[in-house]
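Here are the chains, one letter per residue:
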Amino acid sequence: MIDTSSYRGTRIWAGSLSILAAASLIWAFYLIFFYAPTEATMGVVQRIFYVHVPSAWVAFLAFGIVALSSLGYLWLKDDRLDAIALSAAELGVIFTSGVLITGPLWGKLAWGAWWVWEPRLTLTLLLWLIYIAYFMIRNATDNPETGKRFAAILGIVGAVDIPLIHVSVQWFRSQHPQAVVLRPEGPTADPEIVQTLLVSLLAFTLAFFALLLYRYGLERMRGQLEALRYNAISSQTTSAEGALR
Amino acid sequence: MEFVRQSLVIATKDLTIELRSKERLLSMLTFAVLVAVVFTFSLDPTVQSRGIAGAMIWVTILFAGMLGLGRSFSLEREQDAMVGVLLTPVGRGALFFGKFLANLALLSGATLVVYLIYALFFQLSMFSAAPGLAGVTLLAIVGFLALGTLFSAIAASTRLGDTLLPIVLLPLLIPVVFFGATAVQRLLLGRPFEEIAGSVRMLAAFDLLFLFVCTTLFGKVVEE
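Chains A and B, in that order, give the protein sequences. Per my numbering, residue 1 is the first one in the first sequence, and the count goes up by one each step. Per my numbering, residue 246 is the first one in the second sequence, and the count goes up by one each step.
I should point out that these hints are in silico values taken from the structure, not numbers from a laboratory. It is possible that some hints are incorrect.
Only part of the chain A face toward chain B is listed, based on derived beta-carbon distances under 7 angstroms [claimed, not checked]:
| id | residue |
| --- | --- |
| 1 | 126 |
| 2 | 141 |
| 3 | 145 |
| 4 | 150 |
| 5 | 153 |
| 6 | 160 |
| 7 | 163 |
| 8 | 168 |
Okay, the calculated beta carbon distance ranges per label pair [said to hold, decoys possible]:
| id | chain 1 | residue 1 | chain 2 | residue 2 | range |
| --- | --- | --- | --- | --- | --- |
| 9 | B | 336 | A | 10 | 54 to 64 angstroms |
| 10 | A | 143 | B | 319 | 40 to 50 angstroms |
| 11 | A | 236 | B | 268 | 27 to 37 angstroms |
One side of the interface only, derived from the structure: several residues of chain A facing chain B at Cβ under 10 angstroms [to be verified]:
| id | residue |
| --- | --- |
| 12 | 7 |
| 13 | 75 |
| 14 | 79 |
| 15 | 125 |
| 16 | 161 |
| 17 | 165 |
| 18 | 167 |
| 19 | 169 |
We put the CB at the ideal spot given by N, CA and C, even for glycine.
Using the sequences and the hints given, assemble the complete structure.
As structure tokens, then:
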């Protein structure tokens with residue numbers, strides 16, 4: 001029997017977070033489509049911004065979580081930390097993909113090209129590629145424990161490398177719109193735009209943590225199932241050996 | 246100083262084996278010549294090669310280097326010889342550093358030939374910029390091989406083997422490629438040193454950071 005009761009806490013948290021996330025997403029979508037003003041020069045396409053920026057924030061947050069839990073996993077050898085890293089990495093791929101899809105959709109109208117080698121877009125593409133490598137390493141070993149260790153090493157090296165990659169891509173002249181909300185002098189955008197963005201950021205963050213907890217619970221149960229299966233096979237082998245004697 | 250001595254022992258071991266078989270160096274050099282030939286045939290004859298030589302040289306160094314790295318841990322992998330190496334009283338960090346030094350010696354040799362090939366095939370005069378080119382290239386390949394040695398040890402223990410190496414390594418090497426290629430290109434165009442000072446500083450920071458990080462993490466790769 002799998003002891004599902006030990007995940008009750010995880011499930012309660014995941015459940016309550018997903019209710020909060022759903023509520024704030026509905027709120028955010030209401031604000032995006034009915035409250036936020038249509039931007040003067042870019043028009044209605046600018047509303048992609050409210051999905052694009054929160055996705056990017058969550059994607060980078062996920063990478064931070066991957067790095068920290070990988071570091072913890074390498075030294076403490078706690079499978080829970082690895083499950084968190086794996087769940088965060090999977091969500092990271094989904095949200096970086098979101099950034100890479102919404103960015104060009106907007107860019108085609110604003111810049112006139114689907115793809116521009118722009119620092120932040122390039123950084124996100126490289127982050128996405130590192131995430132892909134993370135899963136390739138993880139699944140390429142015969143012993144899953146080795147795969148976890150190797151993936152954790154890439155998680156740490158990637159996190160150390162991201163700031164350097166960021167500096168390299170900054171070298172190019174930036175075509176990305178300058179920050180309109182997070183500025184030392186205070187936001188230059190309309191208050192409606194700022195409010196909508198903040199609600200959207202909150203909604204995406206809550207949704208991310210709800211999904212993270214669900215995925216974590218699933219990964220933990222999968223791990224337990226594998227351990228049970230392994231024990232069942234090894235006890236069968238022992239009894240078969242006994243019968244042969 | 247025990248660390249340095251142990252690293253040198255490992256590096257000498259690798260280089261002695263390499264000197265006897267010469268298989269890695271020869272395959273890297275042949276491959277480098279082939280890449281240069283492929284560039285010659287794929288470029289339009291009207292293209293000014295001096296303007297893109299930095300990019301061509303860097304693509305060649307990266308690909309030849311990756312080819313050599315693929316074999317970096319193959320001797321240890323065959324017949325589980327790694328167990329024997331791990332049983333010797335050499336620290337994990339020193340083992341990594343020794344491997345790194347051996348790779349550095351090999352790739353430095355190969356890189357020198359790469360420059361000679363490009364000078365010959367594309368009529369590039371490099372003598373005036375030679376000290377700068379040597380310094381910048383050395384800085385860049387140190388960073389490349391710090392990450393490369395770590396991930397070649399990882400790739401060697403996976404089913405995908407050498408296929409995995411470029412997929413993992415290339416996105417991480419973007420800073421090296423970018424600052425290395427920019428600096429080399431500017432030196433080839435005869436620009437003054439001030440224009441590449443920023444790249445040199447970034448490459449040095451990358452090297453120090455990843456030599457430290459990779460030496461520390463290597464113990465976790467070979468942990469059994």
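Structure-based check of each hint:
The restraint placing residue 126 of chain A at the interface with chain B holds, with a minimum CB-CB distance near 5 angstroms, inside the 7 angstroms limit. Among the interface hints, the one on residue 141 of chain A holds; its C-beta lies about 5 angstroms from the nearest C-beta in chain B, closer than the 7 angstroms criterion. The interface hint given for residue 145 of chain A is broken, as the beta carbon of that residue sits about 10 angstroms from the closest beta carbon of chain B, more than 7 angstroms. Interface hint at residue 150 of chain A: satisfied, since its Cβ lies 5 angstroms from the closest Cβ of chain B, which is below the 7 angstroms cut-off.
For residue 153 of chain A, the suggested interface contact is upheld, since its CB lies about 5 angstroms from the closest CB of chain B, less than 7 angstroms. The criterion of a C-beta within 7 angstroms of any C-beta in chain B is met by residue 160 of chain A, whose closest approach is roughly 6 angstroms, and the hint holds. Taken as an interface hint, residue 163 of chain A does not check out: its beta carbon lies about 10 angstroms from the nearest beta carbon of chain B, beyond 7 angstroms. Checking residue 168 of chain A against chain B: minimum C-beta separation of about 4 angstroms stays under 7 angstroms; hint holds.
Residue 336 of chain B and residue 10 of chain A have their C-beta atoms about 41 angstroms apart, which leaves the hinted 54 to 64 angstroms range violated. Checked against the hint of 40 to 50 angstroms, the pair residue 143 of chain A and residue 319 of chain B fails, with Cβ atoms roughly 20 angstroms apart. At about 47 angstroms, the beta-carbon gap between residue 236 of chain A and residue 268 of chain B misses the expected band of 27 to 37 angstroms. Using the Cβ-Cβ criterion of 10 angstroms, the hint placing residue 7 of chain A at the interface with chain B is not satisfied: the shortest such distance is roughly 29 angstroms.
Because the smallest distance between the Cβ of residue 75 of chain A and any Cβ of chain B comes to about 9 angstroms, under 10 angstroms, the interface hint for this residue holds. Taking 10 angstroms as the C-beta contact cut-off toward chain B, the hint placing residue 79 of chain A at the interface is violated, the least distance being around 16 angstroms. The interface hint given for residue 125 of chain A holds, since its Cβ lies 9 angstroms from the closest Cβ of chain B, which is under the 10 angstroms cut-off. Interface hint status for residue 161 of chain A: upheld, as the beta-carbon distance to the closest one in chain B is roughly 5 angstroms, under 10 angstroms.
Nearest Cβ of chain B to the Cβ of residue 165 of chain A: about 5 angstroms, under the 10 angstroms cut. The hint holds. The interface hint given for residue 167 of chain A holds, since its Cβ lies 7 angstroms from the closest Cβ of chain B, which is under the 10 angstroms cut-off. For residue 169 of chain A, the interface hint holds, the least distance from its beta-carbon to any beta-carbon of chain B being 8 angstroms, beneath 10 angstroms.
Figure legend: structure checked against the earlier numbered hints; hints not met, in rising order: 3, 7, 9, 10, 11, 12, 14.
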